[in-house]
Amino acid sequence: MLLEVNPRKSQPISLTPLIDVVFILLLFFMLSSTFSKTKQLELQTAAPSSTQSSATEHNQLLLLADHQVELNGKHYALQAEAFAQQLQRIVTNNESVTLAALASVKVQDTIQLIDKLRTAGITKLDLSPSVAP
Amino acid sequence: MNIVTTQQHNASRNNLDDSMIPAINIVFLLLIFFMLAGHIEAQDAQLQIPASSSETELNSAELEIHIAASGGYTINGQASQQSLADYMNGLVLTPDTVVICRIHRDLPSSALDPVLQAVQQFGIKTLSIATEQH
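Quick note, the sequences are listed as chains A and B, same order.
Numbering-wise, this note's numbering puts 86 at position 86 of the first sequence, and it's gapless, one number per residue.
Numbering-wise, this note's numbering puts 61 at position 61 of the second sequence, and it's gapless, one number per residue.
It is worth saying that the hints were derived from the structure and are not from the lab.
It is possible that part of the hints are untrue.
As the list claims (entries may be wrong) - Straight-line Cα separation of at most 27 Å, DSS-like style, residue types lysine-lysine; simulated pairs:
#1 B:Lys125 <-> A:Lys39
#2 A:Lys106 <-> B:Lys125
#3 B:Lys125 <-> A:Lys37
#4 A:Lys39 <-> A:Lys124
Said to hold, decoys possible - Derived DEER-like restraints, expressed as beta-carbon distance ranges:
#5 A:Ser36 <-> B:Asn89: 45 to 53 Å
#6 B:Leu30 <-> A:Glu95: 33 to 41 Å
#7 A:Gln88 <-> B:Lys125: 23 to 31 Å
#8 B:Asp18 <-> A:Asp20: 17 to 25 Å
#9 B:Gly71 <-> A:Glu70: 37 to 45 Å
#10 A:Ser10 <-> B:Ile24: 20 to 28 Å
#11 B:Met20 <-> A:Glu42: 34 to 42 Å
#12 A:Ser36 <-> B:Leu29: 16 to 24 Å
#13 A:Ile13 <-> B:Leu30: 18 to 26 Å
#14 A:Gln88 <-> B:Asn59: 28 to 36 Å
#15 A:Ile13 <-> B:Ala79: 29 to 37 Å
#16 B:Ala85 <-> A:Ser33: 34 to 42 Å
To be verified - Far from chain A by the CB rule (all over 10 Å, computed), these chain B residues:
#17 Pro22
#18 Ala45
#19 Ser110
#20 Ala111
Virtual Cβ for every residue (Gly too), placed ideally from N, Cα, C.
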């Protein structure tokens, strides 16, 4: 039996389907790719109080709700000038800070405060577990 | 006459193709840009890490703790039914273990406590929190 071979004419790929596919790929990569990079924030964890050196002045900072903080028992608003001055004092005296947050405060707010302290120039920063209100 | 019209048709089609080529070049360039510059990451609504201005590159960790918005957690990819505090107490870690915590940004700070306490207990000095750069 003779099979009829149908020799196809070699047709050049037409551009339109090609562009369709490329556009779909483009849309996929545009929508699915993220440009924000994952970084890390290194925290010193507060050592038990017995081993803390008493040589340097120590500050207790407590993050309260609604952008309020308590530094060594005194209330401040995070944006307040008085708090900025306190931070400046800590930086110039190279004092250490132990930060704790109220249990209800969001992780994002704690991270934001740590950012703020780091930006202010505080290097000796410890994070201790949260405090029950 | 007929021949002339087909020729015209062919010519216009060729012109169309010719004018498409620069457009396709641009689309290809965009495609390559997005493929190389972006990276595809699982966007998990349950685990949105906090934003920070930290510039430190993410290291690889021996212990990676994920804490999702529900409070559920995985440690090195494995979930457990125990409470996080119980699980952490059952671990034995050396003081030089690298620990990275991915925690959902809207969780209360107390969600991080079991990790902090365990890290302190094992004498690990630093804990890394995965953050997203703005």
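Output the numbers, in ascending order, of every earlier hint that fails for this structure.
Hints 5, 6, 9, 11, 15, 19, 20 are the ones this structure does not satisfy, whereas the remaining hints hold.
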